[in-house]
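Assemble the complex: chain D is given as a structure, and chain E with the ligands must be docked to it using the hints.
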Amino acid sequence: MSSENKEKQSERLSFWEKLYLPEIARGLGITFKQMFKPSFTRQYPEERWEPTGSYRGRPVLVMEESGERCVACGLCSRVCPALAIEVQAAETEKEKERYPIKFEINMIRCIYCAYCEEVCPEEAIVMSKDYDIIFTDPQEAVLGKEKLLVPIEKLQDRLEFLRQYK
Amino acid sequence: MNTANITWMLAETGIKAFVIVNIILVMASAEVWLERKVCAWIQKRNGPNRVGPFGLLQPFADVVKLFMKEDIIPAAASKNFHRLAPLLSLMMAVAVYAVIPYANYVDVMGHRVYLGIAPNLNIGLLYILAMTTLGVYGITLAGWSSNNKYSLLGGLRSSAQMISYELSMGMALIGVVLVSGTLCLNGVIDKQVGWFWHWNVFCQPIAFIIFTVASFAETNRAPFDLPEAEPELVGGFNTEYSGMKFGMFFLAEYANMATASCFIAILFFGGWQLPFPQEMLGLKDGSVQLALAQFSSFFIKMLLFIFFFIWVRWTVPRFRYDQLMSLGWKILLPLSILNALFTAIAIIVFKL
Ligand code: SF4
Ligand code: SF4
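Quick note, the sequences are listed as chains D and E, same order. Take the first sequence: its position 124, counted from the start at 1, is 124 in our numbering, and no numbers get skipped. Take the second sequence: its position 300, counted from the start at 1, is 300 in our numbering, and no numbers get skipped.
The hints are simulated quantities; they were obtained by calculation from the structure and are not laboratory data. Being a predicted model, the structure only gives us computed values, none of them experimental. Careful, some of the hints might be misleading.
Under the rule of at most 30 Å between Cα atoms (straight-line distance), these lysine-lysine pairs were calculated in the DSS-like manner [as the list claims (entries may be wrong)]:
(1) D:154 <-> D:102
(2) E:149 <-> E:69
(3) D:166 <-> D:145
(4) D:129 <-> E:44
(5) E:44 <-> D:37
(6) E:65 <-> E:149
(7) D:102 <-> D:147
(8) E:44 <-> D:33
(9) D:102 <-> D:145
With the Cβ distance kept under 10 Å, some of the chain D side facing chain E (calculated, not the full set) [claimed, not checked]:
(10) 20
(11) 21
(12) 24
(13) 27
(14) 28
(15) 30
(16) 31
(17) 32
(18) 34
(19) 35
(20) 36
(21) 37
(22) 38
(23) 39
(24) 40
(25) 43
From the three backbone atoms N, C-alpha and C, an ideal C-beta is built for every residue, glycine too.
Isolated chain D (complex conformation) (with noise of 0.2 Å):
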């Protein structure tokens, strides 16, 4: 059976073919020709690409005027697949009446799924276009609620997705 095989194979190739040389050479001329084309390469720190709105990046809570949208309801770090969030609740006078008085992600353990963001019934939580997540340290990666929050105007691109994809 493999003999039968090897000699199908030796009948497709030519004697040319099998001297292994003139393809080569053919080969050598066609990455030749490549390094003379541009190159893809985008200069990273300097120039950096903006994603669009459909992109998961760092996830973050919503701050409108009145200040943050989560009501605490603890439904985000339920659902999360990675256990990185972690929320407690305390009482407030405005009318939602809770709001979270300790709200922690740990970047470490997060893995962009956005079930958090898909979960959460206020659209408190959704995920940013920040991609260069960066820490020197473990403890540096728990983001508390001052790097969390996140003006809503900078998150309109997100919101007017998930209005129309959600």
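Relative to the frame of chain D, chain E with the ligands by itself:
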């Protein structure tokens, strides 16, 4: 020979050796840069461009990085051999440069200084073959002493491959030696004097092809880089090496590539001969200008071959092990023997 003569000789050799070893090491870093750049261009990228102008300092940054790394010797390794192996590879790679002629000679203060440490050694060719063969010990020892099955496989492959290709390499060289009638490298170059069609590549084209293919195998470069085949052998023989010991293998590989390029340039492309009769420049034998012209000619040829090595690496996929062996034993070896035979017959028949 009187004392003054011996002192002069020692000083001359010492200075030449110092300069050449340093040039080799800098050349190796330049090759690393070139390799990364060419690879990037072929893949439509930019390559290193952050460290220094055009990323030229990248290899030096790499070396600094390697120096800073922890040097790990596996607990189960054979420690002394593990230490010896990279040294051996690098030493053999550098030792070859002793016989390579870079230009003819210059007359300095009444002395005739040949450019090269010992370019007139009458067994230069044999010496190079011997040294490149010894280089395999470094790799084999590295594979064996690491006490790691993948490293061992890499080392074994390397020795099998080198032994198979050494044969056809030597056989291909016989043709060249027959044509030039000497084993001395300067002698081989002298035979190729005059216009460029006197170069050996035109009277020994088959030997040239065989030799080039075999030197790819000898230097462990793609498409024959089986000893370090990443997907199958993790990293091959250097899996268990870290820090500057790994760096030494790396340097040795690039030094070997430069050797192979020099060697091809000398044997088949006239070494330091200019592509036209040197009388046309109107320069005196032994003058510095002529030596410079010869050196540039040699250097350009060598650079072109280094470029060729890199270019092939990023074009041709790796051979399978059985393909490698059948190519070596069933095609290259018979072909090189036939080539030697026909050359010998032609020399007798045509009284060359
Ligand atoms: S972010 Fe949304 S889901 Fe999470 S606690 Fe606040 S309101 Fe509930
Ligand atoms: S994106 Fe996914 S992993 Fe990250 S915090 Fe939200 S639910 Fe957790």
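Verification of the supplied hints:
1. D:154 <-> D:102: holds, 23 Å
2. E:149 <-> E:69: holds, 24 Å
3. D:166 <-> D:145: holds, 26 Å
4. D:129 <-> E:44: holds, 28 Å
5. E:44 <-> D:37: With Cα atoms ~7 Å apart, residue 44 of chain E and residue 37 of chain D stay inside 30 Å; holds.
6. E:65 <-> E:149: The hint holds at about 28 Å.
7. D:102 <-> D:147: holds, 12 Å
8. E:44 <-> D:33: At roughly 10 Å apart (the allowed maximum being 30 Å), residue 33 of chain D and residue 44 of chain E satisfy the hint.
9. D:102 <-> D:145: holds, 7 Å
10. 20: Result: holds, 8 Å to nearest chain E Cβ.
11. 21: holds, 7 Å
12. 24: Cβ of residue 24 of chain D sits 6 Å from chain E, so the hint holds.
13. 27: holds, 5 Å
14. 28: Because about 5 Å separates residue 28 of chain D from the closest Cβ in chain E, which is inside the 10 Å limit, the hint holds.
15. 30: With a minimum Cβ separation of about 8 Å from chain E (threshold 10 Å), the hint on residue 30 of chain D holds.
16. 31: holds, 4 Å
17. 32: holds, 7 Å
18. 34: holds, 5 Å
19. 35: Holds. Min distance 4 Å.
20. 36: holds, 8 Å
21. 37: holds, 6 Å
22. 38: Check passed: Cβ of residue 38 of chain D comes within 7 Å of chain E, closer than 10 Å.
23. 39: holds, 5 Å
24. 40: This interface hint holds because 5 Å falls under the 10 Å limit.
25. 43: holds, 8 Å
The structure fails none of the hints (numbered hints given earlier).
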